[in-house]
Amino acid sequence: MLVPVFTLKLNHRILPRMVALGKYDGTHPGLAAATQAGKVFIHNPHARGQHVSANRMMQSSQDSDISLLNINQGVSCLTAGVLNPQLGYDCLLVGTQTNLLAYDVYNNSDLFYREVTDGANAIVLGTLGDISSPLAIIGGNCALQGFDHEGNDLFWTVTGDNVRSLALCDFDGDGKKELLVGSEDFDIRVFKEDEIVAEMSETETITALSPMYGSRFGYALSNGTVGVYDKAARYWRIKSKNHAMSIHAFDLNSDGVCELITGWSNGKVDARSDRTGEVIFKDNFASSIAGLVEGDYRMDGNTQLICCSIDGEVRGYLPGSQELKGNLMDTSAEQDLIRELSQKKQNLLLELRNYEENSKQVELSGQVNEADGQRGVIPANTQLQTALSVNLGSDNQAAHVELCICTSNDTIIRAVLIFAEGIFEGESHVVHPSLQNLSGRIQVSLTPPKDVPVDLHIKTFVGYRSSTQFHVFELTRQLPRFSMYALSSPDLAAEPLSFVNFTISERVQRVVMWLNQSFLLPEDAELQSAPFQVCFTSLRDAGQLCIKIKPSGEISISTDDIDLAGDIIQSMASFLAIEDLHVEADFPAYFEELRKVLVKVDEYHTVHQKLTADMADHSNLIRSMLVRAEDSRLMGDMRNMKKRYMELYDLNRDLLNEYKIRCTNHTELLNNLKTVNQAIQRAGQLRVGKPKMQVITACRDAIRNNNAVFLQHCRFLCTNSPDLELDQLPACIWYEDRRFATWFFCNCSPQSFPGHSFMCLFPVFEDT
Amino acid sequence: MVTGNGCLLGKAGCCAGPGRVRSPGWGREASAATARSPATAPGAMELRLARVDYLQVGVTSQKTMRLLPASGRRAIQKVVIGDLDGVITCFGIKKGEAVPVFKTLPGQRITRLELGGALNTPQEKIFVATGSEVRGFTKRGKQFLSFETNLTENIKAMHISGADLFLCASYIYNHYCDCKDQHYYLSGDKINDVLCLPVEKLSCIVPILACQDRVLRVLQGSDLLYEVEVPGPPTVLALNNGNGGDSGEDLLFGTSDGKLGLIQVSSSSSVHKWEIRNEKKRGGILCIDNFDILGDGVKELLIGRDDGMLEIYNFDSTNEPVLRYDHALSESITSIQGGCVGKDGYDEILASTYSGWVTGLTTEPVHREGGAGEELKISQEMQNKISGLRNELEHLQIKVLQEREKYQQSSHSSTAISAVPTFSVNDKFTLNKDDASYSLILEVQTAIDNVLVQSDVPIDLLDVDKNSAVVSFSGCDSEPNSNFLLATYRCQANTTRLELKIRSIEGQYGTLQAYVTPRIQPKTCQLRQYQIKPLSLHQRTHCIDHDRPMNTLMLKGQFSFAEIHSWVVFCLPEVPEKPPAGDSVTFYFQNTFLDTQLESTYRKGEGFFKSDNISTISILKDVLSKEATKRKINLNISYDINEGSVNHTLKLIHPKLEYQLLLAKKVQLIDALKELQVHEGNMDFLIPEYRSILEEADHLLEEYKKQPAHLERLYGMITDLFIDKFKFKGTNVKTKVPLLLEILDSYDQNALIAFFDAAS
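First to last, the protein sequences are chains A and B. For the first sequence, position 745 (counting from the first letter as 1) is numbered 745 according to the UniProt record's numbering, and the numbering increases by one without interruption. For the second sequence, position 282 (counting from the first letter as 1) is numbered 282 according to the UniProt record's numbering, and the numbering increases by one without interruption.
What the hints contain is simulated information worked out from the structure, not anything from laboratory work. Predicted, not measured: the structure shown is a model, and the values here were computed from it. It is possible that part of the hints are untrue.
What the hints assert, rightly or not - Output of the computed footprint for chain B on chain A, the stretches with three or more beta carbons under 8 Å from beta carbons of chain B: (1) 24-38; (2) 376-387; (3) 424-434.
Stated by the list, open to error - No more than 27 Å apart at the CA atoms, straight line, and that leaves these computed lysine-lysine pairs for BS3-like: (4) B:LYS523 <-> A:LYS241; (5) B:LYS103 <-> A:LYS345; (6) B:LYS706 <-> A:LYS345; (7) B:LYS95 <-> A:LYS345; (8) A:LYS239 <-> B:LYS501; (9) A:LYS282 <-> B:LYS665; (10) B:LYS665 <-> B:LYS706; (11) A:LYS345 <-> B:LYS523; (12) A:LYS239 <-> B:LYS705; (13) B:LYS406 <-> A:LYS360; (14) B:LYS706 <-> A:LYS282; (15) B:LYS385 <-> A:LYS345; (16) B:LYS674 <-> A:LYS360; (17) B:LYS428 <-> A:LYS241.
Glycine residues also receive a C-beta, built at the ideal position from the N, C-alpha and C atoms.
Chain B extracted, bound-state conformation (with noise of 0.2 Å):
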């Protein structure tokens, strides 16, 4: 074994190697006679593909398996997957079974695997990062190198380029050199991937990192060079084509909310090129591929999504991508690359699931029009499959019973103890932009028998149409056992992931938590706790216009810079726990719900809150007054109220509260409506008003029904400002709650403008 800094590269770290690189095209035309029909042009041909589950290993993380390149004369690729018991598995697949390679002995989780090899040959060498060690290993299982990196932390992502070597740790970059440490920077939020623009095209070392905080970071050496904002937390990079593009500056991003974009990345500047909105609110990408599955010479765009979604893109002649092909796996796509795996001639796409499922979409037909005999070896081969498997599942059975019965056993020993391991629970809980709910998602390796839901501050659980679960609510004591709400969830077999959806106020702030039990023996629970902060509605964005009618909230006190950070970690979402580096900070935020803005900006000693919502201020002042004497530090609050504000928040919630209140009206009359047109047998006769109210009757139902409660939000926040708006001016008026409630019953803008300005 090779220890400390062995080269990257190995001993044949100029390898040219023997294999060839197979061109893309290459198997599928070899394909074309025998698997398509003739008949179908290639391009307009409807896509087919049939899915193959190949082997399951142990639950893996994003970007941990890749395809080798094809060698010798066979085109046929083999699959290389590391997991989170750290096992790294090489299988080839021979009719129809995996066949393996190699599969390395247990360690610590891999986080990523790379394959790299000198420029300008097959990358073909296996790169690991387990723990803060980078491990390589040859094409045949031999481990060639083991870097242990200075890093104190684990190793979050990883890029290797040739001799490059491109390590991301939590907030820290590093970039070694054969092994050699070379340069060093500290992001100002969490990294989520890292990528090098491609050597050979660009000539000069380019990385860039996805950051939690919505931007990507252009790096030169151990500096900044700037910084590219994007549309949503990246959790995931790509080089477009596969080699980023003719320039070699094409990137593709994809987000944690499921948006997609490609952007150039120049030497000093970027341009977005296009970008996919999440419409059908999909979940968060995780991988990215390139690959030409149809057979028309252009590479398509694979997508991996981490609610089971893979999508296929191609692009039209604009080259805009457009959504081709999707296919619902039943848990998140860790990994997704094209190639050719389970038979000579047929490509197909790789994908591997949380779970460690290997699952390939191949192009070849399950039913082919081959002559009766190689259908028979066809069942054949699955009937050795299945027997075999079942053998397995035999031995097993007895050996389990064994040491069932050993555990049994063991609860008669006062001595003994009974610890079973962690299982490992893969959850998200991230805000909806779009109507301002949070999701839970969770997801385990096998599936879940319950999950418990507590929570100590009043939030809504809302319907999700893919969770087939039975919810059912239990009675809550909100005395003395601070319970706001109590929901069981009992999944129905092999759900192995589980979408909630949480409304939450304004405010009210408290912790979420999720017991989870999956079926499995001797059962256990895991816990798992989200912290609804009191400005739960926000959400970090790169600007805010400055030319509203602000208030200002100001701190000065005796405090750290780490503690009036730590107060804002606890008050809003998406701010890095870590402080930042420097000694003072900026961060804008937006509320989702009313699109009212945030601007803090604090140092040691002093802090400032900007928001045109008297609202958010009022909230901002109660906690942080509360955490201050908590921990006994004598804070002065002061505030400069801006009295215009109010009525510009007015203004902001008018639109919204005028098209919830139409759509609510018309709703309504839909029915009466229908009744009316069936009833005459045409609609002739209804005045154009009530016959558009007939014509996008579907569209106004699912427009009311995608924003449940709407209207009651809205209200309950333009209450809150109403109260928040007097509690400045020292008077108390919550008695005239009803009659503001009163006037929004019947809205008129100018009303309830004049209602603000005259009570008092």
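Pulled out of the complex, with its shape left as it was, chain A reads as follows (with noise of 0.2 Å):
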């Protein structure tokens, strides 16, 4: 069995996914992980006593091989590695939600700060297809930055939506590493440079990536799956009720393939194989897992597996040794073999005792009785059927997607389970009717949220009325792509005015294939040779959409909604097979839109620029008040202290309303942002191949070289930190001695401790 080769107590809370291990001085590897009150430490238990306190970095008083880094701001990425090949050694990157800091721990000084206006969810260090130097790539508000040792941005890119995780990966064998981004719109996307090669669809926000090998990789959603990928193929994944935390590519039982280890949110690590999923290791911590990592942390000439829990405990595996013969786990194998063997006859036996018994019961009786019912005896050609139709709604209900599933004869469906990804809140709908309420039929209203192809699966209870035992039918049925729209007359005067144009050189037939497939047709309607044209009516918000064919191949989709006509071009695409796709595209409204967002942005930078000064003003202001009260309590002037401290405390009052302010102002213009770069995303999708790369790319330097609104918010300094709520802190902490308020303005100006100065909390005094 597998046990740690050495276990560490940090005594230092580790952020979630803030774990980095590196090399800051070439040769003794060090732990770094974030912490709370936005500081990140670094473990460097081979290179003690060598740094002082000076600027950034102090000793930890509690501990002496801990140093403490302050970054004053919530760290929301970090990781460690060679960014300047010249130096020899590593450096350690910082991202929260502003900017970016790549520091040379051993110099203790910074390689560059560089503000990120879209924030930092994510960072990946390495290098990128062509570009030769090392790239810090940082994943934002639906940005992708990537810098180079001096902080030069040399990678610039948007997708399409909020980047939660980053990895870099050989996707295409090519030799050169791709980029694979996940995002909150859960799609895994891989950029080859700034140009996306795949798209695959997951279930929920992709919360973790990892390479394997090759051209695998590991992925982690929010819902507690993980699962392995080869290129866009899903290899397998498993769900568990716990959250993955971190996830990690390591060779535990040294066979020579990287084992997928993840860290769940219960403190449980496993490693699993990568083809199967199976679990070859496990262990238990008492906290949620932080990070794993792996390095040479003992300096004997083998790397481990560092597995940190948030509690700050640290444990390291050394991979099994070739005695243990990939067994990693307490129970011999052969023993589980037996185990799973003799489960297998029993389950077998148990199957062959159902059909035996079955029979017998054939024999005794040929018809069914309410006796038999209780017993859950039914007809032996009970049959289940389904029917998917669009259902235009009434009063009291929606337009929805209805199922419709009823039996073969006189029995009765207790109750549908439908187990789907993406379309229910959790992962199953229920359908149970009262007991008054049941019959052979039931419906089940569906209303998917995003335009995918979902699969149901679809489990239904059949018996009688008084039964206590169901069978249970199980039966599978697509959900077409855009079932969430409705065949419609076409009307001229609902037609909408945004349009995209495209020509393709199919058969008419093949669209019409396309059409059947995607969408959920009557029976009865029947498609006419070219040209024709089909509408649509969404049954979200009425909106119309018009497909126009023209004998030349020349295709026209009317729809204002711009996603919509993105996807009908994606999938039309794929289904075609069509690489490259020019198109024509008009979307007044929307530019509209857009316009106002970027007005707005503008008018959120200058109220930002007022706020700031503001700020700047009001903290002098403090400091000097404060060596006033000082002053007085050090004269004995109870009176006037007291006078001062409420005077401050108001002041603070105020700090503390602008500061929401600011906040506000913030996500607004975070948001804003937002809409930018989807815009700029949005354009993309509805071109397919080098016309999508060349829209994306004029967008980037229309913005990068004239346009004044983003030169802006690159400049754009915001220096708070908007993921610390301020209800979230007490309302007063007593300090006995006022040390920390004091020492708080003696040594720290604003502008070195910038966003959280305003939140200190001050004394206040009783009456005495």
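Take the two lone chains, each set in its own frame, and fit them into one complex as the hints suggest.
And the structure:
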């Protein structure tokens, strides 16, 4: 059995996913992790006592081998590695919602400190495609940016939604790394430099990505799913009720192939075979796992897998030796195998017994009676029919897709369980009629929130009214991608103004096939040959969609929904295997919206600058006030001191209010910036292949070169940390000796302590 | 076959037998030199046990596996086990493989299996209880007894001592001697187990019944000698040390809420010697045995629980039990016994589980230090076993495929039916005293695929750490289908046992339904129903405090004793369904959440319900009048409200509320304080109060996590109390509830009491 080779208790909390291991002096490994209060700690067991307190770093007074780094903002991502190959040692990269810091731990200096308006939710360090120098690539608000060691951004592109995870992996096997991007719109996108080469739809936000080897990579979702992809095909996945906090590829059983190691929110760590997902090792921590890294932490030439929990417990595991033969768990493999085989045997025996008993019953009685019904006896020819249709709704029910299930005889349906991903709140939907409403027919209304094809796994409990045992009928139906659009008659008046035009060189029959596959068309709907026109009404917002096809192969899609137009083009392109598609698009309403957003971005930015200036004024005032108040205290002038502190208290309250305004302003700004980024992405979605790339590049250049708004928001210095909610802080903390407050105002200028400075809590004096 | 009134001891009734009784220490001493490293002292060494799975039979119920005493020169014992298919399997282990000695044909379900024989001889006759019949077999599998009892119900518990046979159906106890009826007793609540103190030592027969209403009933003949109150519903009884200790009067009991105790049962009274509370919140106890597995000359206590925990306790210098070892199996442990089974010279603990696995925890080391040759031999044995199994599987698979085909074929016939036999579900729905929530445990003999949970009353489903299934809550339509909860549990592979936790609200009553679908073809699901009673958080108790200010509800009308009893059963948990003997009865209950109490006394035509909690009385009044109206019985309900009781209840709630408020406040501060600690590097500058919060942060967080929504529940109950107080006065104060909540937000006991007094 595999046991940890070392265990450490670091006495600092570790924020989830914020762990990195690096050789910051080139030889000795150190573990860096983000902790509370906007700090990063570095555990450096091999290089003791070399650091002096200066600049950002200070030695922790609790432990000698831990040094603390003040970031003064909530850390949102962290990594370590070689950014400047000339340096010969690793640097530490720390991202926050507004900045990216590249830090040279050895020299205790900044390599660069860049503002990143879109925030840094995820970071990855390495070489991308043909770009020669290593890049620190950060993913934020719909945007991706890559910096070299001087802080130049050599890489910039946009993606569909907020980025939550990044990884570098040789996806297409050309020897160069591609960038994998997992985002909040449930998509994993693969960027070959700034071109999207693949897109995989998942069922939840992608929280982690990890390259395994070759084109294989692991992923984790926010609903507790973990799995492995090879290129664009999923190998396996499993789902747990816990959440995967961190995943990492490591060869734990020394068989030459990396396993997928997962750290879970309940403190479990498991290693799964990359091929099957079978668990080959597991261990438990007392609290949730924060991060998994690898490195030679004992400096004995062997690489360990290092697991950190949020409580600061760190365990290192050496890969299992050859003698263990890959058997890392407590039990002997043979015993397990025997147990598994016996279990299989028992199941087969039970199944056999089921058939035997069944045939006995058949001999005994040919007819189904009431008593049999209770035991779950039903006619053997009972069948279940399912039908999917579009229901336009009524006064008390919104329009929906209707799934109708009915039995073929007098049996009733006790309940229907539908397991499907992405269309329900959880993973399942249940229909359970009350006893009075039982019948052999059940209608289930479905309203998929997104236009994605969904497999419905339907389990139906069939029996009689008084049954206590039911037969379970299991079947799978696919919900077409555009099932939420009902066929309607063409209505010229309501025809949308926006359109996309393009030409394809395919037969019209193929387009009709695509229509049949992607929409829920009534059975009697017959599509004539070109030219023809089909119109649909959206069940969500009653928006119109018109698809016109001319004999020349020219297709025109009219809809006001730019996302829908993009989806239809992408779906059609993949069905018809179109590689490059030029389109002509006009969305007047959407572009008008976008223009307004750009104006707003400008406004918010102005407000922000004003607020920052105000804040600086106030903080100067506070400093002088505090000094005066303390003077009064030292002179024993209690009355004045109280007065001053009361004033200070009021000012503090004002500042807190201002801070709140700033926060709202910032959130608004971010939302608008997101809209801008999404607009670029959407423009791209309307095209396929090269034209898509060209559009994105053009948009980017426009913004980079001559769009004043964008330039402004690049310069935009946002120093607060909107992730810290004011309400979460206790109203007041009493300091016995006011050391904190004094220290704070004497040592920190608001500039060096931005964001947090105004949340400092003042001592309130009671009447004495 | 011997039928009817045979002799219980069979032909060999006076058989002294050639077999010698193996002294418990024997095998161990022989093995000490080879098996254990001499460097460690036997007492202090760490206990290392290796798990071996021997065999799987059908589903087993409690106490259905025993080890036959060793016979002849061999020290290895044989295992005999009976299952719900009615099959008795007796097997021994040769070279790691189970070799059957005999196996009977399927029949009615076997509920108990005991060993017997003439007193002071090896107990090697096998007795099984199936249906209302007791059968006896010799150790070779020859049936010598078939005793059809006069019981109308199935036998639930059995004990054998020499020629005396003690049988229990649900409520009835019967004592037979040589299959002749001797004594009879009707218990007030369900009997879970029966035992008789060793006759050799006491020279008289003292049968003891473990009854669901938290008492052990000590009998003399057909009469009750006295009752012993125990802390939970007792599920299993065992003699201490296997022989009742020196006096023969020491009795071990285990309860369904996981408590364990030792009681000395003497002729006129009982003495509680020790008791282990279930601190770790483990499952209920199903089986107890005594065996010296540590090899220190003293028998250890072996415990098997219904959550699959197997525990070994040894005794410290004050004779108090201390947990020495535990091992988690994945399903209920139905029987446990220590002995020597797998290999001569190595003691082991044998356990049988719900789905019929016979598993050993042996002292035989997995990796023996012997020569390479031996290791090779072991793996050879294993290989043979595995290839044998694989062959068997292949054959089975072909057969199953054929049968499956046939079954599919039948769906084309219009006359054929599809009848899949019911699978057995082992379920338990119990109220936990500690957090006033219900546990629902479902166990199936094969892996569960999914479970659908539906309820027609508002309840909360809580997360259980042990439960690894993926839960998903579905949208509910309370109208017209009266669904307040619809949730699916999709189980991970190989889950045979599922535990759910449910929080109910008193006054809201209805049914909780679970549809269990196992992973077996053809797929079927079974419906299980559980009642959420109006006073769902009440639990039976032995006595109450009579000095509290009490409110009384009086019922008078033309109803029978059985009728009012059925109403009480409807309202309150843990009341036997059968009306008790006699013409009047009193039950005491305690509210597990608030510690208020309820006394119910009723007879034909009248009933009295006394409680210090006015809400309890209010709920009873509503439900009882509704029930009576349903049956068109004219009820005369009167009540006597004690104004002081409301303040009394508020005072009872006060410490709980205060504790929770303080806890919430402290927990809120932890993160901020920790941040300061990191900032300053130490915590010397903090006042002691904050320092102590930091010091016990982990404990506080744990405590806070343990009782989610505790404050909300308390608030809810105070609000109910407020509404109910004025409901009895005939005023509706629902409009004042927001005001009350405001007062609760800035809680002060006096302000709250004043508000209760002032509002009217």
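Hints, verified against the model:
no.	hint	verdict
1	24-38	holds (count 3)
2	376-387	holds (count 8)
3	424-434	holds (count 10)
4	B:LYS523 <-> A:LYS241	25 Å, holds
5	B:LYS103 <-> A:LYS345	19 Å, holds
6	B:LYS706 <-> A:LYS345	41 Å, violated
7	B:LYS95 <-> A:LYS345	22 Å, holds
8	A:LYS239 <-> B:LYS501	21 Å, holds
9	A:LYS282 <-> B:LYS665	37 Å, violated
10	B:LYS665 <-> B:LYS706	16 Å, holds
11	A:LYS345 <-> B:LYS523	17 Å, holds
12	A:LYS239 <-> B:LYS705	24 Å, holds
13	B:LYS406 <-> A:LYS360	13 Å, holds
14	B:LYS706 <-> A:LYS282	26 Å, holds
15	B:LYS385 <-> A:LYS345	13 Å, holds
16	B:LYS674 <-> A:LYS360	70 Å, violated
17	B:LYS428 <-> A:LYS241	23 Å, holds
Comparing the model with each numbered hint stated earlier shows that hints 6, 9, 16 do not hold.
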